[in-house]
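S.K.: Listed below are the residues making up each chain.
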Amino acid sequence: MENSGIIAGIVFQLGPLQVTNTVVTTWVIMGVIAVLGWLITRHLRMEPGPVQTAAEGVISAIEESIDAVAPGHMGHLLPFIGTLWLFLIIANLSGLIPGVHSPTRDLSATLALAILVFLSVHWFGIRTQGVKAYLHHYLRPSPIMLPFHIISEVTRTIALAVRLFGNIMSLEMTALLILLVAGFLAPIPILMLHIIEALVQAYIFGMLALIYVAGSVQSQQLTQQKHNEQIKE
Amino acid sequence: MNTAEKARTGDTILELNWSTFILEIINFLILIWILKHFFYKPVLDVIARRRAGIEKNMEDAQSLHSEAKALQKQYENRLAEWDHERQAAREALDKEIQVERERQMSVLQATLEEERGKNRFVAQRQLEASRLHSEKEALMQGAQFATKLLSAVSGPELEKRLIDLFLDELSSLPTEQLSKLQDTAGKSSNNILVTSAHPLDSNNRQSLERILHETIAVSGPVLYEQDKALLAGIRISIGAWILRANLLDELKGFTDFAHEI
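Chains as they are written, first to last, in my numbering: chain A, 276 to 508; chain B, 22 to 282.
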């Protein structure tokens, strides 16, 4: 199983840190994304070419999605949500390359992303309203709901990590098993499914992250609106 | 612990590698920074610039649209004014045409009246000429008829009656005329020529000579000749004087009268 790459192997040791092939693949993906971004934005023009049009289309689509879920917060959320989508699409699809395994088939990586989503929810919430006002919403509608809110936060973060990890890992596992059982070319339908599943899972992960973040931001706004209405009354 | 050992202990694919976990967090944060500075920001700037350009173009277009609307309204007003002026000009022209038509009609009416008058005059003249022609024809025909009739019925009796009529009229001539006749006949040394249609008998000749000698006081000899063209009656030539008492001269008088007409 180790040779198959399903389990992330350690590539080298950097002091106390073990650099696994998940991390190395992530670095490669980061490099590819950075180089592509640099190449695309190197000669931006007012009259865009096909590549620039595609890049602008991608960013415009992300903008519209964010604006639809969290109106007025596109500027704050775009880097995080957009990076999540772009990274997850490329990371999930990287498993299609022979000899390369998707970083998202490693629970450590998906959990890291889920933890980042968890932290960003609170970061954007606190940034929008402040610590006290943000934490106060855990006590709404009643302080009794506090444990349930906390459990919800933890479980949805774990679910976020495990969902992505489980789907991508199972896809690779399925393709490996079919390759072992049926032979060469047999996993091709599974690889086609891999493409769809990779895109869907990237979309789900990014959209859930967006909804969680937007929920925290808009809950503060709703609280503030209600508070303002009470003051007016 | 290798993978096989991990699998045996159940610590396999669900194992958390904290190094990977930490490095993935760091990697993702770095990726956010890279994309934010080298991808999102430039592209968003370009999009913003393009949107600003589009908005400026839209504002310019809106401004042009407003100007075009204003110009359109101005032109429409001008067109309306032109229409009004054209209508007024047309009405003025219609009035002028009406006045000119009435003037032309009156001129035409006057010309027609004049022409009618001329035509009436011409027709009247033609009618008069026709009437005169008819009268002339009638006179000529009458003269011809009378000539033919008198040619047929004339004879010595008629001639005697004409001579008697001549002698009576000569006797009853006014004194003034008679004296003029006497002066002219007395001065004349020519012979007196009496032309008759029929031979005059001695009684008639004696009566004639006696009357001529007594009334006109001529002294010359009286010559007689016959001319059947006279039809009946006599013609007496005394110098320049010719006294006519015959049908030919009377009918000729008719004819001359007809010619004079």
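Since the hints were made in silico from the structure, they are not lab data.
Note that CB positions come from ideal geometry on N, CA and C, so glycine has one too.
Just so you know, not all the hints are guaranteed correct.
Calculated Cβ distances over 10 Å to all of chain A for the following chain B residues [unchecked claim]:
{"hint": "1", "residue": "63"}
{"hint": "2", "residue": "74"}
{"hint": "3", "residue": "201"}
Derived contacts from chain B toward chain A, CB cut-off under 10 Å, selection only [as the list claims (entries may be wrong)]:
{"hint": "4", "residue": "36"}
{"hint": "5", "residue": "37"}
{"hint": "6", "residue": "41"}
{"hint": "7", "residue": "42"}
{"hint": "8", "residue": "45"}
{"hint": "9", "residue": "55"}
{"hint": "10", "residue": "59"}
{"hint": "11", "residue": "66"}
{"hint": "12", "residue": "100"}
{"hint": "13", "residue": "103"}
{"hint": "14", "residue": "202"}
{"hint": "15", "residue": "203"}
{"hint": "16", "residue": "256"}
Some chain A residues judged to face chain B by a derived CB distance under 10 Å, without partners named [claimed, not checked]:
{"hint": "17", "residue": "297"}
{"hint": "18", "residue": "330"}
{"hint": "19", "residue": "414"}
{"hint": "20", "residue": "418"}
{"hint": "21", "residue": "419"}
{"hint": "22", "residue": "420"}
{"hint": "23", "residue": "421"}
S.K.: Would you mind marking each hint as holding or not holding in the structure?
M.R.: Hints and how they fare:
Residue placement check: residue 63 of chain B does not keep its beta carbon more than 10 Å from all beta carbons of chain A (closest about 4 Å). Taking the minimum C-beta to C-beta distance to chain A, about 7 Å, the non-interface status of residue 74 of chain B is violated against the 10 Å cut. Against chain A, the non-interface label of residue 201 of chain B holds: every CB pair exceeds 10 Å, the least being about 140 Å. A hinted interface residue such as residue 36 of chain B counts as satisfied when its beta carbon comes closer than 10 Å to some beta carbon of chain A; here the least separation is about 8 Å, so the hint holds.
Given hint, residue 37 of chain B at the interface with chain A, holds; its Cβ is 5 Å from that chain's nearest Cβ, closer than 10 Å. Using the Cβ-Cβ criterion of 10 Å, the hint placing residue 41 of chain B at the interface with chain A is satisfied: the shortest such distance is roughly 4 Å. Checking residue 42 of chain B against chain A: minimum C-beta separation of about 5 Å stays under 10 Å; hint holds. Checking residue 45 of chain B against chain A by beta carbon gives a least distance of about 4 Å; that is within 10 Å, so the hint holds.
Taken as an interface hint, residue 55 of chain B checks out: its beta carbon lies about 5 Å from the nearest beta carbon of chain A, inside 10 Å. For the restraint placing residue 59 of chain B at the interface with chain A, the shortest Cβ-Cβ distance is roughly 5 Å, inside the 10 Å limit, so the hint holds. The beta carbon of residue 66 of chain B comes within 8 Å of a beta carbon in chain A, closer than 10 Å, and the hint placing it at the interface holds. About 42 Å separates the beta-carbon of residue 100 of chain B from the nearest beta-carbon of chain A, more than 10 Å, and the hint is not met.
A least Cβ separation of about 46 Å between residue 103 of chain B and chain A goes past the 10 Å threshold, and the interface hint is therefore violated. The closest approach between the C-beta of residue 202 of chain B and any C-beta of chain A is roughly 143 Å, which is over the 10 Å cut-off, so the hint fails. Restraint check, residue 203 of chain B versus chain A: the minimum CB separation of about 147 Å is more than 10 Å; hint violated. This hint is violated: residue 256 of chain B has a C-beta 140 Å from the nearest C-beta of chain A, more than the 10 Å allowed.
Below 10 Å, beta-carbon pairs count as interface contacts, and residue 297 of chain A has one with chain B at about 5 Å; its hint therefore holds. Interface restraint check: residue 330 of chain A against chain B, minimum CB-CB distance 6 Å, threshold 10 Å, status holds. Evaluation of the residue 414 of chain A hint against chain B yields a violated restraint, the C-beta minimum of about 30 Å exceeding 10 Å. The interface hint given for residue 418 of chain A is violated, since its Cβ lies 32 Å from the closest Cβ of chain B, which is over the 10 Å cut-off.
Because the beta carbon of residue 419 of chain A sits about 33 Å from the nearest beta carbon in chain B, more than 10 Å, this interface hint is broken. The restraint placing residue 420 of chain A at the interface with chain B is violated, with a minimum CB-CB distance near 30 Å, outside the 10 Å limit. The beta carbon of residue 421 of chain A is not positioned within 10 Å of any beta carbon in chain B (closest approach about 27 Å), and the interface hint is therefore violated.
In the structure shown, a violation is registered for the earlier hints numbered 1, 2, 12, 13, 14, 15, 16, 19, 20, 21, 22, 23, in ascending order.
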